[in-house]
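A.B. asks: Residues per chain, in single letters:
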Amino acid sequence: MDFALDDDHLALREAVQRFCEGEYPAQHRGNPESAEQARQRWKGMAKLGLLGLPLPAAFGGSGQGAIEVMLAAQELGRALGGGAFVASTVIAGQLLAALGTPEQKLQWLPALASGEMQAALAIAEEGQRYDWTAPRLQATRTPRGWELQGRKTFVLHGDSASLFLVVARSATGLAVFAVDAATPGVRVHGFDTLDGRRAAHVDFEAVTLAEARLLATDGVEDAIEAALDAGIAALCAETAGAVEALLAATVDHLRTRKQFGAPLAKFQVLQHRVADLAIDLEQLKSMACVAAMAVAAGEPVQRRRLVSAAKVFASQAGRRAGLATIQMHGAMGMTDECRVGHYAKRLIAIGQQAGDAAFHLRHVLATN
Amino acid sequence: MRLQFTAAEEAFRQEVRAFVRAKLPADIKRKVELGLRLEHADYLTWFNLLEERGWLTPGWPPEHGGPGWNHVQRYIFDEETLLAGAPRIIASGIQMLGPVLIAFGTPDQKARYLPDIRASRTWWAQGFSEPGAGSDLAAVRTTAVLEPDGKHFVVNGHKVWTSYAQWCSMMFALVRTDPTAAKPQEGISFLLIDMKSPGLTVRPIRMLEGGTDLNECFLDNVRVPVENLVGELHKGWSYGKYLLGHERTGIAGIGSCKQQLARARQLAAQQGLADDALLQARLAQFEVELIALEATALRLLAPGQGSRTPAVEASMLKVRGTELRQAIYETLVDIAGPDALPFSTEAQFLEHLDEAAVAPELTAVAANCLDARKVSIYGGTNEVQRNLIARATLEVY
Ligand SMILES: Cc1cc2nc3c(=O)[nH]c(=O)nc-3n(C[C@H](O)[C@H](O)[C@H](O)COP(=O)(O)OP(=O)(O)OC[C@H]3O[C@@H](n4cnc5c(N)ncnc54)[C@H](O)[C@@H]3O)c2cc1C
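Top to bottom, those sequences are chains Y and B.
Using the numbering used here, read the first sequence as starting at 66 and increasing by one per residue.
Using the numbering used here, read the second sequence as starting at 126 and increasing by one per residue.
Derived by calculation from the structure, the hints in this document are not laboratory data.
Hints may contain errors.
Lysine-lysine pairs mimicking DSSO-like chemistry, simulated, CA-CA at most 30 Å apart [said to hold, decoys possible]: (1) Y:K323 - B:K366; (2) B:K235 - B:K154; (3) B:K360 - Y:K323; (4) Y:K350 - Y:K108; (5) B:K148 - Y:K331; (6) Y:K331 - B:K235.
Based on the provided sequences and hints, a complete structural model is requested.
C.D. replies: Encoded structure:
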């Protein structure tokens, strides 16, 4: 294994760091974004090239891979930023790139990369937890194209996306459609999420689509898995970044707050908790690399196994770090004003996305 | 030794159970079972029902209106009420100040304050913590200076993390009356302060799950009559320690653990996880921890049974009980799965439940998990409890 970064990697990381320092001031990290902030930051990310990072150069992207996504996601995670980066660019963008016809890619990918629009994968359904392989949302052939009927849940950033990639059941198996949010019959019910972000349940009621809206019926499952794995790898990197910020905040706090006439850092039990946090952080960084390298290598069986392992670790160690850090901050850690709790919320939320620890643990078990 | 509760104890359990079933209003029960926010009126309603029955102040001696229960009865009462969806008794007047006044208050103070506490007419705020004095309470800096005529103290300082101050009309506070004392624990007094006094302002603190039950209290030249001093001048530390011992026993919260474990089982079934081996093993593990905790509580609390000082035993129960409860709350999040993601401060209130993006049983799961982080922080952090247990243990052996 080789963990070395080249000069381009370092430059990318530094650029994202600088962007985050400007856009996510330390005292506001984790606060819900205003519409104006979200627009501004999205534009900024587009300008940095982040929104087209893993998309093909022929369609407005920069043709980079999972390692570059990891570097960016880790910095965004450190700043609790990134908005719909994972949902729109990494998952939906890569799925479009994998399944779309050249015309479809030309229609949407450049607009995604330039930040003109966002896309979101509509895959989960009520009562199915994380298993998306048997959707109830029905796609029926009509003389003019297709009709969709059903409901998708927990579409991350679903109310800022103008394009949904909808996973449906057709007569011949799984199919993916590209559906404009403004299509008649599409109803978006947005809501706040634990981490101060947004998601939506989306109803599709007799939604009529032209044939050109079908992305694919072949190879759909593999492509979805690959896109989701790329997204999960990015979430693992975000986790490492967030925990890195938590460790820094905790070190700072323990060095400055005094009780019993001494800085908290002098108490051995807290030293040991920090030691555990430091160990978790190093392992999280390693797991982010493992997941990114597995996605980059692209061999599906190994990729799925390693990405699942990384997600188990990120879900567990991320939440553990968030909760331990609250404890070390005392009552202050539980306030809205203290940033630590916002990191904890993001880490808990990541744990519940794209398959929780139990889901991915079962997957690791099944591939043993 | 005998594993079963006695027939009399079982009869008492049935009596409590029947009472809660008959009296607890359905909307309050629903709020508790769904982990939703309770309002002041909810607590008052329930406390008044308990008081009518003579059950609100189990820890008080009968001559002051306690029911005279032994430790097993108190234990059964806690468990039955919580399992039946009743609110926890959170009023610090009942649980903390009452016992202190009974032990150290003047006859006047007892006559003046105890009946109002029992009738829930007065809610008391606990004014101990300060920005610089959390775990190290002996570092309190709020000053109380006796006026030359000896009739009033003038209090200046800044209290923080004051639970439910917005509902309180009185505060009991630790204040520094002798800044020159040799040791930090000396020169502290225990003072009763009218929250409507000029110069006292309360500012709510927003917590990460959206609640605002914690407050800061600023005291700017607040005048307090000298008869509001509890016990001796400069000896407040010992009363504070007495009080914290009382706080810790209840914090073990075994009844709450059982209630949340029952909630976990119910949610697991609702989420289609009744046959999930990984989850069921985890719940069974909690069951084991609970049996151990319950047996330990009943053994250590029995008169003449505990081998160490009661304060240390209370610390042990607090550490295990709170950490078990937090682990169960984390498991609730896991059971909810993706349903733990939506988050709405409004949907934590019964009136807004139908606006939520998930089923009523799931709306508050993540907020409850976050809120539960407090139980290992307040009442003396678990790190500090472990220090106390270690000190006692290492000195014995
Ligand atoms: C929900 C809630 C309600 C509360 N209600 C009230 C109230 O009504 N009235 C009131 O007066 N107070 C109240 N408190 C305050 C509570 O008592 C304090 O938060 C608690 O004593 C810890 O103090 P701190 O928050 O300042 O943390 P700190 O003392 O700063 O502790 C920070 C961290 O350092 C650790 N630490 C500190 N000292 C040591 C040591 N010697 N060895 C090892 N580790 C150590 C702690 O365990 C913790 O992890 C409340 C707190 C909460 C969270």
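A.B. asks: Please go over all the hints and tell whether each is borne out by the structure.
C.D. replies: Now for the hints, and whether the structure bears them out:
1. Annotation: proposed proximity of Y:K323 to B:K366 holds, straight-line Cα distance about 21 Å (limit 30 Å).
2. Restraint check for B:K235 and B:K154: not satisfied, since their Cα atoms lie roughly 33 Å apart, outside the 30 Å limit.
3. Simply put, B:K360 and Y:K323 have alpha-carbon atoms about 25 Å apart, close enough for the 30 Å limit, and the pair holds.
4. Our distance criterion of 30 Å between C-alpha atoms is met by Y:K350 and Y:K108, whose separation comes to about 28 Å.
5. In summary, the hint linking B:K148 to Y:K331 is not supported, as the alpha carbons are separated by about 52 Å, beyond the 30 Å threshold.
6. About 44 Å separates the Cα atoms of Y:K331 and B:K235, which puts this hinted pair outside 30 Å; it is violated.
Hints 2, 5, 6, counting from the list given before, are not met by this structure.
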